[in-house]
Every structure is written in structure tokens, then in C-alpha cells.
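Now for the letters of each chain:
There are 4 protein chains.
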Amino acid sequence: MPAINGDEYISRIDQLKTTVWIEGNPVTGNISEHPAFKGVMNSQKKLYDLQYNEQLKNQLTYQSPLTEEPVGMSYLQPRTIDDLVKRRTMIQYWAKLNNGMMGRSPDYMNTVLMAFASSVDLLRGKPNCFPENITRFYEYARENDLSITHTFIDPQVNRAQYYFEDSDEPIAAKIVNRIEEGIIIKGAKLLATQGGITDEILVLSAAGFDGKERGFSFSIPSNSKGLKFICRDSFVGGNSAFNYPLSSRFEEMDTIVIFDNVLVPWNRVFYYDNVEISNSFIEKSSYLAFTLHQVVSRRIVKTEFVLGVVQSIIETINIMDYQHVQEKVSEIIVALETMKALVLKSEIEAKVDDTGYMRPDQLTLQIAINLFPKIYPRFTEIIQLLGASGLMTIPTENTFQSSIKKDLDQYLQAKSKNAEDRIKTFRLAWDLTMSSFGTRETLYERFFFGDPIKLSSQLYFSYDMKPYLKRVETFLKTDN
Amino acid sequence: MPAINGDEYISRIDQLKTTVWIEGNPVTGNISEHPAFKGVMNSQKKLYDLQYNEQLKNQLTYQSPLTEEPVGMSYLQPRTIDDLVKRRTMIQYWAKLNNGMMGRSPDYMNTVLMAFASSVDLLRGKPNCFPENITRFYEYARENDLSITHTFIDPQVNRAQYYFEDSDEPIAAKIVNRIEEGIIIKGAKLLATQGGITDEILVLSAAGFDGKERGFSFSIPSNSKGLKFICRDSFVGGNSAFNYPLSSRFEEMDTIVIFDNVLVPWNRVFYYDNVEISNSFIEKSSYLAFTLHQVVSRRIVKTEFVLGVVQSIIETINIMDYQHVQEKVSEIIVALETMKALVLKSEIEAKVDDTGYMRPDQLTLQIAINLFPKIYPRFTEIIQLLGASGLMTIPTENTFQSSIKKDLDQYLQAKSKNAEDRIKTFRLAWDLTMSSFGTRETLYERFFFGDPIKLSSQLYFSYDMKPYLKRVETFLKTDN
Amino acid sequence: MPAINGDEYISRIDQLKTTVWIEGNPVTGNISEHPAFKGVMNSQKKLYDLQYNEQLKNQLTYQSPLTEEPVGMSYLQPRTIDDLVKRRTMIQYWAKLNNGMMGRSPDYMNTVLMAFASSVDLLRGKPNCFPENITRFYEYARENDLSITHTFIDPQVNRAQYYFEDSDEPIAAKIVNRIEEGIIIKGAKLLATQGGITDEILVLSAAGFDGKERGFSFSIPSNSKGLKFICRDSFVGGNSAFNYPLSSRFEEMDTIVIFDNVLVPWNRVFYYDNVEISNSFIEKSSYLAFTLHQVVSRRIVKTEFVLGVVQSIIETINIMDYQHVQEKVSEIIVALETMKALVLKSEIEAKVDDTGYMRPDQLTLQIAINLFPKIYPRFTEIIQLLGASGLMTIPTENTFQSSIKKDLDQYLQAKSKNAEDRIKTFRLAWDLTMSSFGTRETLYERFFFGDPIKLSSQLYFSYDMKPYLKRVETFLKTDN
Amino acid sequence: MPAINGDEYISRIDQLKTTVWIEGNPVTGNISEHPAFKGVMNSQKKLYDLQYNEQLKNQLTYQSPLTEEPVGMSYLQPRTIDDLVKRRTMIQYWAKLNNGMMGRSPDYMNTVLMAFASSVDLLRGKPNCFPENITRFYEYARENDLSITHTFIDPQVNRAQYYFEDSDEPIAAKIVNRIEEGIIIKGAKLLATQGGITDEILVLSAAGFDGKERGFSFSIPSNSKGLKFICRDSFVGGNSAFNYPLSSRFEEMDTIVIFDNVLVPWNRVFYYDNVEISNSFIEKSSYLAFTLHQVVSRRIVKTEFVLGVVQSIIETINIMDYQHVQEKVSEIIVALETMKALVLKSEIEAKVDDTGYMRPDQLTLQIAINLFPKIYPRFTEIIQLLGASGLMTIPTENTFQSSIKKDLDQYLQAKSKNAEDRIKTFRLAWDLTMSSFGTRETLYERFFFGDPIKLSSQLYFSYDMKPYLKRVETFLKTDN
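Chains as they are written, first to last, in the UniProt record's numbering: chain A, 1 to 480; chain B, 1 to 480; chain C, 1 to 480; chain D, 1 to 480.
Wrong hints could be hidden among the right ones.
[As the list claims (entries may be wrong)] Some chain B residues flagged as far from chain C (calculated, every beta-carbon gap over 10 Å):
no., residue
1, H34
2, E69
3, I184
4, W266
[To be verified] Here chain A is said to cover these stretches of chain C; the calculated rule only asks that three of the stretch's residues, wherever they fall, bring their Cβ under 8 Å from a Cβ of chain A:
no., stretch
5, 243-254
6, 300-311
7, 337-351
8, 364-371
9, 422-436
10, 456-463
11, 471-479
To be clear, the hints were calculated from the coordinates, so they are not data collected in a lab. Predicted model, so just to flag it, every value in this text is computed and none were measured. Yeah, the Cβ is synthetic: ideal placement off N, Cα and C, and Gly gets one too.
If we strip away everything but chain A, and leave its shape as in the complex, we get (with noise of 0.2 Å):
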């Protein structure tokens, strides 16, 4: 089976039976028809449809070099610039299907294990290490079009620096034995996105994990045995799509993932009881190369929206005319063109690696995931500072329907707008940022990658300063 089409989707999800709690109590039937996850599901569907369309269909597949069936783009492993290209464009074609409010779509973990698999090299004749299962694990997934979503986090129990976790029983998830049929997992990690909802999960250790039972990494299917999601609550509002235009259909959940000695089988693991391996895949591979390039992709799409939403707003409201109105704009467009420049030149200052893939270039994606986390944040603070009122004044669909309207007709006209259109137009900036679907996706953006102090940290280390500072010596010895 290539590349699969939303009922498919759907329909696999469904039969696993997932083990997921929700509000203390574990979803039975249709996990598709549950209230918390329809929406998402939903959209995902319209995703993997959008692969049949006839007029994407070149764009959003590609012939697989196993089968010569189609198979989704963003399991493309690229080697040319071309390639990456394509891999935008398949990329952003998915995102605006959703305005880029879906952190996991599928392709990101699409790209993750094409990252995988192009990376393999590192770790022939290492040992504890599988590239082989990893090899076959990707063209498995890609020729059945598998979701997937992740998780590496361990709680956060201590975050000062140099804590080291004791106790008996694990609390971030460990290797607690090896039999015959693979490794037992005991333990969680924390934040599956989409945990419960996609057909495999991957678990992988942050770098600096603490131990040599804690350094791994392996697939299995989400209801394997003894695994558990269990879920924050739902931030879907609820059906409607005036209410809730975007948390009705892109409230991805996010799951602490319970290990209860789980066994990872040895096809299923890619390595384990290595520290150094464990410690370098991540930065040595090209995870972040290719994974950055999807994330921005997919912001690029996202602050289009934002910029979109927000020129609404002034529209509705005729503000354009006040300076700071045009000042507080021009920076997301500023923001936005920024974004497209970095991945344009992360395009063209690509090279092909050791293993004969074509990277984009990492540092010029990591400049635009230092910027976004600090911007985000702005876009939400500027839509509040135009919608002002506007963005409580916010009566429900209901209300519109009864016999009220005439009064909401006359009152809550705008310039440019009815009173509806305008209230559909202020209750969509409020999804996008006030409601708890619109905090939690600012808060996944701040924290994507990690830590921003962080984010900095990595980028001050990897820059190479030497020709500057050359530069600096060398006028320092000239002589007037």
C-alpha cells in the first residue's frame, strides 16, 4: 500500500485501540469520533486526501524507488537542491491546508525518519546499534504511509543543572531489562503530540540523559502492549466552526507517554546500551538539518495567516491609517519575509553530506529558529493590541441564531463587514490567540526546539567567528 488517503487513515487509528486516557477515563470505541480528537483527525484525513488530488498529486508524491508506487514527498530522501524544493513545496502545500497550526502534521515525522535513514552510516559497526532496522523501519513506514509522532523528553521533575534522577523506580523511562525478544521499557517521557492518534511512536534520549540505560532509541506501534498516553485536557472548545474555527479542527493534544514494561522487539530498535551513540546521533545526523527546514517551512505558512488575520482586523475596523498600526505590521512582515530569506538560502548553501544527501544548510535554519520563538509571541501580543475590544466583544453562534440577531445585526456592524463576518473575523483572532488552544500554540512555538536561552547557546558555539575576528587582527596591526 502506497501512499494512503484520509479513510485510511482514519481507519487504521481506529483499529489499534490505542490505550488513551483522557479526563480519567480511557477512550473506548472510535478514537476518531471522540470529541477531543475528531477535529484533528479530521484535518488529518484532509491531508493524506489532498495526495489523491489530482492536481497536487505530482507535487505532494513521488514514485517510490521500491515499488514505483506513489508514495508521500516528505518521505523523499533529497539529493539536489531540486529535491529540497520539492520537499517545501509538498510541505507547505499540507501546512495550508491548515494555516500551519498543525506542529505534526505528518510530515514532520516523515522527515524525522528520512532523516534516520540518512544517517545510518554513523552507526555501521557500532555497538548496540541497528542501522539496518532503521533502513527497513523507514521504507516500511514510507511505503504504508505510516503516521508517527515522538517523544525524548523525560519529566520534569528537577530542572537544576546538575540533577541526576534517584529513585528505585524509574521515573524517566529506562531500559529495566534485555531478553531474548528485545528490550523492556519502564518509565515516561514526556510530550507526545499527537500521542494516541498515529500508528507508531519514536522514542529516542535527549542528549545529556543521565545513564547508559537511558541512551536508545526504537519504533513500535502505539498500542503496543503496556504503553500509555495519557492527556492533558482537551482545548477543543467545541464543534462549531464559528466558535472555534481553529481548536474544532487542529487541537493536536499532547500526552505524557507511560512505558509499564513495554517490549521494544530487536527489529523495532535502533540502539541501545550506548551512551556516546545515544548522546551524538541527534546532532551528528541530519535530524536538524531537515527537520529545521520542515519547521520553518511550515511557520512561514503560519505567519502568512497571521499576517492575513491581522490586515482583517484593520480592514473591519479601518485603522489602518494610525502609524503605530502601520509599525506594529510591518514587523511580522519584516518577520515574514525573514523567514522565506533563510530558507532560500538554506536552499541554495545546501551540500550533499558523507552520505551523499543533500542538507540544507543547518546554521542558516538555525538563525530562524532563534528569531521565531521571540516573534511568535509578538504577532499574539500585536493582534491584541489591535483587536482591543473587539477581541471580547464575542457573542456565539447561538446567538446569532436566536432571536437576538437583529440587535447584533445593528450593533456589531463594522466598517468593511456585517455584524456575523465581523465577529467570525474577531473569534478567529481569539482562537489564534487568547483561547487555550491559541496559549498552547504559542507556547509549543517558544518552545519547539528547546529552551530559547538555549537555542542561543548552540548558535553562539557552532558559528565560526575565526574570519572576523582575523579580520579584527589583521586592522589592528595595519599602521595609518
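Chain A is already provided as a structure; the job is to place chains B, C and D on it using the hints.
Below, chains B, C and D alone, put in the same frame as chain A:
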């Protein structure tokens, strides 16, 4: 009847049967039992009950000059600096009951009305002005401990600088008739916070309104014929104090107020058909001086609470040794102590005004309200930056009451708290900054006294530059 | 005579005997030997000499289409993207000679003139327009490698929004007579940088000028009769490269330009008495596209230098392990790489304009100039925050040549440098950010393209919001 | 001899013949006539003279408890809040003479010494401590109106966190011998402001110093044998008050202090060879409380001056109607009134300390010094943003005295000023923010109390969070 207790408040409001529309339906039955209002009305009840707390009685009430019965301290017309301190003390006792989260606890409008009553001399002998109505209504409100809301903003149809409404049917509320019994009002006003759960609504024109028929001020009972309050959707997350520690208690609701040919009887008209007074009364009266004093006093309590929440997060996950954490918290400390200093200065530099009342220094308080709309959003940002993934890892109370509890106990424990207490702390931080309730609080603080940009223009024009300008001019004329 | 060398530049300017007033006296003798000008003229000399460097000749010059002699690459009218890259390469070679500190190295005005010449079609057939004069002057300048300054700002008499000059005697320069030989100009223009040390001065109206007699454009020799340049005080600290590594070399001087009934011969008039053209030529021509490309290319080199200085300080006193230091430097890295990405994008998205020349994408470059005035001052702040007391501990070269040297050697040594090298590093950082020269550089970068607030308004109005607005409108119409 | 006049100050300093090196030469002759020092010494002279101004005498001096002669008010050991107000009043009278530009007007060090003398109890009975020496020296200084500088920072060799000097020859000053006559000091200390133009220098260890031989405190005459002051280059622009209104008067000079085996006689040693006291005396004493009170009082006067300069620019070029201008000025107003409020609060919340003196509330003043290093640089930025090209159009006084004057008169006139006055205004703004003098002022204010990042850490750790933390904990335990 003097200062009331909580039950009296509840029963009086329930009996009004005010017309309140929410989610397309009018509220029927007791509004104090409606899910959208019961939390906040219960919190309001506690405020009134506190007036009968034996230890605080003398701080929360004073002897009515008419009846010698105890009446609410926020009605006190101050004649000395000590009176101002008494007022602040009372305001902050009430604020501590809700941690400053209720921007419209009754002392706010009591203060507004007290300021009106203390400025009636400005209306004496002016056409269409009835200072005696204000005095009488103030005394009536004080002696009966009325709760009041107010409204003055016109609908946000078109916010261009020189827009004037041009519509046969009024949009912004205006006088459509003057009859023997009083004036008739038709049109809408925005946003009465707590609209529908107060005894009365005070209505007035914002400066710069359009046409003499829009220049007025009056107060009428909430259940006046033709008066309708239309609600946005409720931001009460639910009943659970564990899940929604703030919204289950302090969600004040904002309403659009519709006047459907409402009769305002003459004895409740304060002024009308007087453009000059309508444009200048607020500015010349002690309105701003006294309301600013109330608001800044409350915000101090709120900031203390924010600081407590931040430190609670820090200790829970043990991050106090990071310099950037210290730096962020110090921003809040600086803000808090600055606000305290400004209130103090406003009291020490208070002056008796023309009508014999002691006004706190208004300019000093303007400083405080220029600061707060900028720093309060920063507080919420700091909480998100420190709370990080902890603000997504927030399963609900039910989850702790299910069979999955033991997993949570193990995997969500923190350095200084068990799992349940840790989640309560983070859910509080979330409800403060990320729930629909929390973001509405942020928006409310951003715009409490209007557009922050206008606030700074007002400050510029009200500040006396002459002494400093003169110092510079003198200096420039001095030779070496 | 094709591309000149440095001696030719010096001798040509010396011979002009332009009227330049400084400190209340006219410059007499060779201006290249005057303390206020010799440093910068010597730096300019080196730029011209570089054109004859064997290794760089092909990158710095191209074959004149008229004479096949080598002429300066900054005169090249680009027809391909490759031409744009050639232009940037040349610009950055020159910039590296002065580390981007010379905002008006001759390539800037060469670019301006090239843009004029490439846009002459806009003037064809328009009243009082002489496109052929531009073409002829461009060729003359190119073939003779003229140096040019320009001026367009009116004196800062009154900056209110609707101010128009009302004075019998002109203040802002205007045409006071049209005679057989040409037009007569009287009045002043601000600020010709390098005024007095160039062959020519190009004069033009800023948009929004006042009255047809203020709408013109022409170029005349610096030594035209009645033309006077009045200098501010010189910011050359002194001759010593140790003490004043920047100001001793790169102080470009800003001058007020006074036209005392100056005759502009007809063959040097580009247009006059044409309000419409005077108001629109700059905007419609390729002026902005090409000058922005030059400026951003130079600023990249300057930012690299700033980064080098910052890293040099960090290594000197060994502070790279502080997280806040890493964070501050990363701000500079982000800015630098962003600028590089934007230039690249402007080239890749360049389009052939109506007159057949390849224009870099102007909007992309507008992003860069909206950014830079905000970040360059932050660079100087970062240097001060990192340099700290080291920026006050800066004894001069003489001190190191006195008997006190051994004390300095001992007490001012640093982790990675001896005392003398350490002081040189810090004096460089000081000259870059704290000397009168350094702060003038900061002011210059703040206002290079005008008021930053106006830049953001221009960006807002020139940006095409429609596609994003439409995406939002479509989304709002979609049901769940 | 009680409070001195200016001539006495000048003649006493001239007679000292202190060893001061500048530009590679020792100062010979009267230092008060040296171009680098005469301006500031003349300004200092005026301060002392003011003590004999009939109208101000009682505000600037008080009766010596020893002699009943008038002595400088900044020596007053406060016992009441009124004493604090007296101190502030005096400090601000002096500050107004130099518009707060002299960070080290003598009242600063008088305050330091007064604080030492008021905290001697901390030294009683401690090894190697001589409280009686402090008391005696304080009285001697007070009765003779000594001027003093101080130094405590070690040379900036290596600023890594765990650096300790490892050098045979001392770099940071330390005790190299203890002999019968006293202790012998060798090494260097940074940066004595006004070093060389005061009677005495007070030397002490910064907290966290390295080794007991670096733990000491003493005061010695500036002309002690072996003591050398090495100057940075002078930032006096010249003599002209027109050209350099600030640097010609207030350039205080910063010096490196070298101890070439300097003998400190025992009666001038305050403590030595006592690590614990050396590390804690400053923190436990009233040093910070009193110096912060002096500094914040001075900074208020400086901020008033900045505000005057800003408003002067605004009126000169008529830009007060721009909203962004109003907003920028309001930032300064907010800062000014905040500082005033904080000083007031520090006085009202002052408490009598263990030794019977009235200490202003230190924490409140810490707030002020956390704010100022961030806002003062913003003031200078605002001046640049408003002054714009006017800060480059600054011909010098000589130009106005030449034949070109009539051109300047015509072309540089402004809305509300003639050309000459306009240029004086802008040169003042330039000297305040862009001359080498002005930027040194900015750096000085940035680092007055040390690294701003450390200041915020100190604030965090000195703030009592418990009440707020407890309020949160109580709230979390409350059910609905």
C-alpha cells in the same frame, strides 16, 4: 439597610430578573445558579460577607454620616490622607480575597460614584445638569450597598480618527426622545463587565463623542424595561477548583448593553444634552484620581499573586539558580515595588481639591497606569518561559481520581511537591496566563484605561515641563 | 581616462579648491593634507588603488562599453543576476578595506548615478526633463571615475507635518531664476556627507517638497561658483591608529551645502519645474533597488566587523562561558545571517525592469533596511555591556611610550593578550561605539534611509496583503 | 577648618602635587590649570562655594557636633527621616549645579565615609579591625571638608567565573608586607573616578576577592609615596561652553591606581587580613543604603535635565504633535516620576538600624538602581531618534564668529529659535549623548553599581517572597 452581607447581595440580584442573553438564550431562573455566573457571584458574596468579619469590620466599613450605620469603606469621601490610606487598606483586603483577579469588585464602582458625588459642584448652575440627582443617588447606593456596573464605550464600528456615525437607526446609544417622565435611550454601549449581576448600571459618554444627543450620564436599575445585556461566551472552564482555580471563581463576564428605547426617569439623569459638560466632567472631576487609586491598589495585590505563582513554579522544579530566572523574577519585583512606591507617593502628595476632598496625586497614578499595561503581559510571558513544558503537562482532577493516579504520582512528582500539588500549581499558572480566562485578564489589564498609546499622549500633555525646560535654557546661557 | 588610481583621486580633488568652511575658516591649501580630511581621503585613495590590484582587477572593474577600457564595477548596469553578484562582490571588496565604516565610499554614488541612467526612460517626453543629460553625465562620470556626493534634505527648520516654508529669502534651496545659461539656485540643503572631497555634487528634491521651484535634479562640480560646504566639527580624534583606529581613517564629514545663486548649466539639469516628476522619479526609478543593494552589502561587512570586535573582547577577558554573553553575541549572529539571506533573496528574486535592467527585489531589501536601524544601536549596546570598565581603562599610545609603560604591561595584561594589544582592542571597541566618530556612525545608520518610523509605514503600504487576506477570508467561509 | 569654599579646595589639591600621568606625561604645575582637569575642578569649586551662599547655607551645612562650626550636610549621620530629607535636599542642590552629570561630586564619598562611620560597631572586637580609625578619619574629613575618591575593582585580566590570579608579581593590589609603620600595598586597582584631584583615596576590597592579603580597607592622601594615578585620554572637547557645554565642565576623568609599595600607616588602616570582614562589611553596613540614596537623588536631577533637553529639541523643531514623540517622552516622564516615588518610599520606610542611625529602605533603592542602567541608555536613544539630522548639523562656535555667520543665521534657524540658539541646543544634546564625554556618562550609569545582571540576581535573593508564596499555597488549598 447599611453594608450588606453576601446573601443579601445574591438574593437582591436574583430577584431583579435582569434580561441577560448568553449563548442565544435569556437567563431564566436565579442567575446566581447559572454556571457562567455562580462562581463570580459566590466570590462577590464573600466580599460582602467580609464586611461582617469581626476583625475587619472597622477596616472595611465606616459610620454613615446619615444613619450612623456601618457602610462600605469604598464609599468614603476622603478628607485627609489618612482617609486615603483607609480606602486603600479596604480595597486591598477585598482584593486579597480574589488575588486582584476581579477588576470590577464592587469597590471599583463605589469609588466611581463617590468621585461623582464629590465633584457635583462642577455641575451646579449648568444647563441640563442635576447635581442633586447624583448626591441623592450616591447616598442611596451607599446606604443600600448597591452593586453597580458601568458602560461608556461606543461600538467598535469604525476606529478611523475622524469617523462619525451616519446611520438612521442609532448604533452608539443616544437620546431619541425627551418626554415628561424622562429621556429615552436607544442604541448600544460596549462592554459592561459584570453586566447583569449588579443592581444598577451607570451610563456615561466617553470624551470626544459625537453630537449632543450622545452627551449624558445617568444610572438605572439593571432590570429597567428595554435594557438587555448580551454576553460573550463564558470563560468558566468548569466547577473544579483543581482544574480551573481562577475561572471557576472570578470570571466576571463582559456584556454588550442594548438600550431598546429605555426610559431614564428624570431623577436618575445626572446630565444630558450638554456637550461641554459631557466632554469635560470626567476629566475635571475627581473620577480619575480616585479610580486610579483603586485600580493601582488592586493591581499591587494581583502583582504580589503573580510573584507568588512564579516563585512557586521556581521552587517546584528547582530552577532558582539560573541567572536568567533570577533576572526574570527581578523584573516582577521591580514592577511590584514601583507600583507600591507610586501609590504611596500619590497619597503623600495628595491635595485637597476645590470641593474639599482629598485627591491623591493624579499624575503619579497616571505613571502607574502607563506602566502596568506593558508589564502585566510580560508577567504572563515570564510564567510561560519558566513553566515551559510543565504548562502542557496538565492532566485534570478526574485523572487523579482514576486508576491511572499511581502513574501520575510516580511520573509527575517534582522536586518539592508531590504530583497532585505540582499539577495544581501548574494548572493555576496556566489558568492565570493561558486559559481563555487568563488571556481575557491580560487583555483587560492592557486596556483598562484605554489604548496604551493614548495614555502616553495624555501623560505627555498633562506633564509640566516648564521647570526642566527652564533649567536647560538657563544652563545654555551660562558661560564657562 | 578610465578607472583611476588613488593618486589621481587625490590630485584631482586637491586641484578643485572647493569652498569648504570648517571651524570658522575656509580650507586653504591641499584639502588632502588637512587634518579633518586626510585620513578619509587616504582611505578613499586605497579604494581606488585596489582597482589596479592585479588579483582583484577583474572583480573591481569591467570593460567600458564605449572605450573597452576598465571602468569601476559599481558603474555596471546589470542585465543578469550574475551582474548583481558581480556588483555585490565589488562593493564588499571595497567595504572590507574600511570594514564597512565608510557609508559613502564612491561606489554608493556611482550606484545612484547608474540607477538614474538606467531609469531615464521615465523622463522621456516629459516637460522640463532632460534624460539625455543624465545619460551623458553618467557616461562621463563612468569614463572618468568621478567621485560624487549628493544632497536632498531640506533644513530642519520645522518638522511639523504640514509645515511649508514661508520666508522671503529662501531657506530650503530653490530655483530663483531661469536664464539662458541655466537655472540659478539659492538656499541650503542638508547633509552632504563627504561634501567638499568629491568631484561633483548631485542635488535633488526629496519627495513631498514644497512648490515647483523646489522640484529639480542636477549635478555640478564641487567647485561651482557660489557653492559652499560648511562642516560640523571634525570627529577625527587624532593621527594615531593606536588611539583612534577608526576616526583617524574613516571620518567622512557631514556638510551643510549652501547655494549662493549658483548657476547650473542646462546640460547638467536632469529635470526642473516639474512637480510630478520630482515627486515620483526616485520612487519609480531603480534608485532604491540599487542603492539598497549597495547599502545592505556594505552593512554585512560592517556587521561582520562588529562581530569580530565582540568576539575579540570576549576572548581577551575570557567571558565566553556566561550564558548571557552567548545570548548577546547570538543576537549579532542572527542579524548578520539575516542580512546575508536577504541580499541573497533580493538577487535570486531580481527581475528585469521595463528598461531592460535587472533590479534586485526591492521589497526584500526594504526588510533589511527596516531591521538595521534597530539592530545596529543594539550592537553598540552589546559592546558596552561586554566591554564594561574595560572601555574606560583606555590610556593612550603615548602612555605606552613613556616610563610608565612597565606598570601598564603588568597591570593591564589580559587572559589572552598583553597590555598593549588589549588596550588596542578596547580602544577599537571604544572608537566603534563611544567616540564622537562611533556615535555619528550609529546615528548615520539609524537614519540612512530616513526616519525608521516612516520606513515601516512605507513597508506596510508597499506590501501585498491580498493573498493572505484572501486565505483568511476563504478559511472563514469553510464549514467544519 | 569647617566647610570649605571653592578656593580652599583648589589650592589644597594644587598643593598636593599628586602623581598623575596623562598622555604619557606626569602632570606638573597646578593640576587645576591643566586642560583635562580645570573644567571639572572649577565645577567642583562652585559646589564648595555654594556652601557659603547665604540663602542655602542652612540647607547645605549643619553644625558640627564637635566644633559647632558649619560642616557639609552630606557628612550628616541621620537619626530621623527628616535628616534623610535634609541630606537629599542638599544632594539635589549640588546636583542641580551640574545637572547630575558629576557622578562623583564630593557628597558621594562624604556619604560613603559617613556610612562607614555609622557602621563601625560591626568591626568592634574583630581581629585586625580598627573601628576607631574610621571614626577618627570620618571626623577629620568632616571637619576639614576633605574630598575623597575611592577604588575597589581589581584589574580586568580575566573575567571567567572561577578565575584566581596566579602571578608572582601582584596584579590586583594586595598587602605584600606588614611592618611597624603599617601595611605595604603593591599592585593595581581600577577605576578611581576623579583620581588625582581629591585630597584622599579610600581603598577597599570588592566582595569575592581572592586571598586574605587582598582583604582590606584604608584611606591615604592622594600624594602618598608610591601612589600613581594613570589617566585614560581626556574627554574634554575644548574650552568652549558653546561647543562642549558638558565636557568643558564636568569631565571627571577615570584613573588606574597603582600602588608601588605604598605604605599605609596603621592609623589609616580600617581593617586588613580579615577575609570574613572584608567580604561582609560593605553588605552589612549602611554603605549601600546611604550611597544608593545619594545616587538615586542625583539621578533624579539628571533625568530632569534629560527631560528638559528633550522637550527643548521638540519645541525647537516643532515635533510635539507626533504620537510617537509623545510616547517617547512619556517613557522619560515615567522613569523620572518612578525614581522620585522610590526615593520617597525609601525615606518613608526608613528604619533605625542597630547602631541608631536612620537607614533609608535599601530594597526600595535597589529597585531604582535596577531600573536606571536600563533606562538611561534609552534616554540617549530617544534624544538621537528625535534630534535626527540635527545632531549632525552642528557647526562650532568659531563658525558663528566668522564671515559665514549670516549663512548660518539664515539656513539654520528653527521654528522657535535663531540659528545660534538652535545649534547650542543641539550641541548640548550631542554632548549629552554622542560626544566621548556623553557616552562615558552612559557607560558610567550602566555600571555604577556593577554588572546589571548581577544587580538583578542580588535583588532576587534579597527579596522576601515568603508572604506571596504563602498566599499562593493557601489559595491552592482552598476548595470551591
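Tested hints:
1. H34: holds, 28 Å
2. E69: holds, 57 Å
3. I184: holds, 38 Å
4. W266: Fine: 47 Å to the nearest Cβ keeps B:W266 off the interface.
5. 243-254: Check passed, 3 qualifying residues.
6. 300-311: holds (count 6)
7. 337-351: Since three or more residues must qualify, the claim that chain A covers the stretch 337-351 of chain C holds, with 8 doing so at under 8 Å.
8. 364-371: holds (count 4)
9. 422-436: holds (count 3)
10. 456-463: Answer holds; 6 residues pass the 8 Å Cβ test.
11. 471-479: Holds: 7 residues of the stretch 471-479 of chain C have a Cβ under 8 Å from chain A.
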